[in-house]
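Asks: Sequence:
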Amino acid sequence: MKIALLTNEIPPIFYGGVATWIANYLDMFRDDPDVEVIPIFLAHLDEPPTDFPERYPGIRIIHGPKDIEEAFQDIDITVNNLWVAFDTTKAIKDRFPEKKMFSICHSLIKMEHKTNLKGGETGGFYEQEITFQYSDAVIMISRSELSHYISFGYDKYQAVPIVIYNSYKPKLDNIEWWPDYGLNHIGYIGRHVPRKRPDLPITAVERSGKKDARVFNMGVDYRGTTGNPFWEDLGKKHPRQLVIIPFSSNKETVRFYWNSIGANCITGIYEPFGYTMCETLDRRVQAIVQNIEGPKEITAQVQDSVFYYEVDDDFNRDVENFLQTLELFWDTHPDERSAMAEKARSALDNFRPEVIKLKWKEILLEPPSSHSGKNFKRESISEKFEPGQRGY
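So the sequence shown is numbered by the numbering used here: it starts at 83 and just counts up by one.
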């Protein structure tokens, strides 16, 4: 069976977690006897690097509708990762209506729009909605994402909604590396958008009055002529407590970050899954994590081994919620932190590629049929995907 992995993000072209998902998906099905995954790159925003054929043997490039016929002629199912090019999705489905299209919902753009202060960047969520309408199935990456999908009425479309979590391959199974559990320093690593609240840790530490705890913030973007006034101002206000690390993929810089903290903070008010959550568990670093959505689902079976805080839409109340949990972390003995982190890491077993791959093969080898919105019963979703079920 030939599967088209359709995307406009593939390493080294990154816009977020999608490229990571693409790379993991290709690795997951490499040398599979039943499924051949063929990456198809839509070059409408970026021209592909010249070494793409060497990086990804068999990759196909499309620039527009004229290339669809040849690229998809021998494809059985399309696994679609586009939402900014709904016209391409529509053109593929119009030309090959008999071929199934499964669209991955890496995040609901309407939710990003609501939680990112309704900026123009996420204002085109209607494009994603059109993509859903031309899909036979929509794959959600968490149960919480499915709940949001239903709340917006998207389950009325013909597409079958299915939950399959992202895969994560632990990198430290056979590597002896342990953090310093005596450190009270905390950190935030990742993108800086309003919904992720990267300034929450330093605001909470400031309010605590604690002098022996530093905050390491990695991911600040200084590109452009204006720099980053917001973080420059925070750096001036907290010269002894705040360590700002500009965005970097340098391995030594990343290693410095993880070696400097006793706990990593996951601070968003909307997080469909959470690769950073997985990496924190993988490294046996303590996690201070919001009690919502993807991160909560990832840690569902190890709730006593991470530090949860309640999430509120009001930032000031969230600072208090976060600070209560932060003080609990500070009061926890290093030996107990170590034991908690080791147990928490077992949560990753549910997301290993060999587990997630089985769930994917179920729907690829026996594709679901599109439902009729009028006859579809919402109860069938919860019956099929029970909480705690491995791989879902």
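It is worth saying that the hints were derived from the structure and are not from the lab.
A quick note: this is a predicted structure, and the numbers were derived from the prediction, not measured.
All C-beta atoms in this analysis are idealised placements derived from N, C-alpha and C, irrespective of residue type, glycine included.
Hints may be right or wrong, so weigh each one.
[Said to hold, decoys possible] Heads up, simulated DSS-like pairs for lysine-lysine below, C-alpha to C-alpha not over 30 Å straight-line:
{"id": "1", "residue 1": "K238", "residue 2": "K192"}
{"id": "2", "residue 1": "K319", "residue 2": "K333"}
{"id": "3", "residue 1": "K292", "residue 2": "K443"}
{"id": "4", "residue 1": "K333", "residue 2": "K318"}
{"id": "5", "residue 1": "K292", "residue 2": "K84"}
{"id": "6", "residue 1": "K196", "residue 2": "K84"}
{"id": "7", "residue 1": "K441", "residue 2": "K181"}
{"id": "8", "residue 1": "K425", "residue 2": "K238"}
{"id": "9", "residue 1": "K443", "residue 2": "K84"}
{"id": "10", "residue 1": "K196", "residue 2": "K238"}
{"id": "11", "residue 1": "K175", "residue 2": "K443"}
{"id": "12", "residue 1": "K181", "residue 2": "K192"}
{"id": "13", "residue 1": "K84", "residue 2": "K318"}
{"id": "14", "residue 1": "K181", "residue 2": "K443"}
{"id": "15", "residue 1": "K172", "residue 2": "K425"}
{"id": "16", "residue 1": "K172", "residue 2": "K253"}
{"id": "17", "residue 1": "K251", "residue 2": "K238"}
{"id": "18", "residue 1": "K172", "residue 2": "K84"}
{"id": "19", "residue 1": "K425", "residue 2": "K192"}
{"id": "20", "residue 1": "K319", "residue 2": "K84"}
{"id": "21", "residue 1": "K238", "residue 2": "K253"}
{"id": "22", "residue 1": "K292", "residue 2": "K318"}
{"id": "23", "residue 1": "K439", "residue 2": "K84"}
{"id": "24", "residue 1": "K172", "residue 2": "K148"}
{"id": "25", "residue 1": "K253", "residue 2": "K439"}
{"id": "26", "residue 1": "K148", "residue 2": "K253"}
{"id": "27", "residue 1": "K293", "residue 2": "K319"}
{"id": "28", "residue 1": "K175", "residue 2": "K439"}
{"id": "29", "residue 1": "K318", "residue 2": "K172"}
{"id": "30", "residue 1": "K175", "residue 2": "K238"}
{"id": "31", "residue 1": "K251", "residue 2": "K318"}
{"id": "32", "residue 1": "K175", "residue 2": "K192"}
{"id": "33", "residue 1": "K181", "residue 2": "K425"}
[To be verified] So the derived label-pair ranges between C-beta atoms look like this:
{"id": "34", "residue 1": "S233", "residue 2": "I212", "range": "17 to 23 Å"}
{"id": "35", "residue 1": "P450", "residue 2": "I212", "range": "31 to 37 Å"}
{"id": "36", "residue 1": "D255", "residue 2": "K443", "range": "35 to 41 Å"}
{"id": "37", "residue 1": "P147", "residue 2": "E118", "range": "23 to 29 Å"}
{"id": "38", "residue 1": "E118", "residue 2": "S233", "range": "48 to 54 Å"}
{"id": "39", "residue 1": "Q215", "residue 2": "P321", "range": "20 to 26 Å"}
{"id": "40", "residue 1": "R322", "residue 2": "T414", "range": "19 to 25 Å"}
Asks: Which hints from the list above does the structure break, by number from lowest to highest?
Replies: 3, 5, 6, 8, 13, 15, 16, 17, 19, 20, 21, 26, 29, 31, 33, 35, 36, 38 and 39
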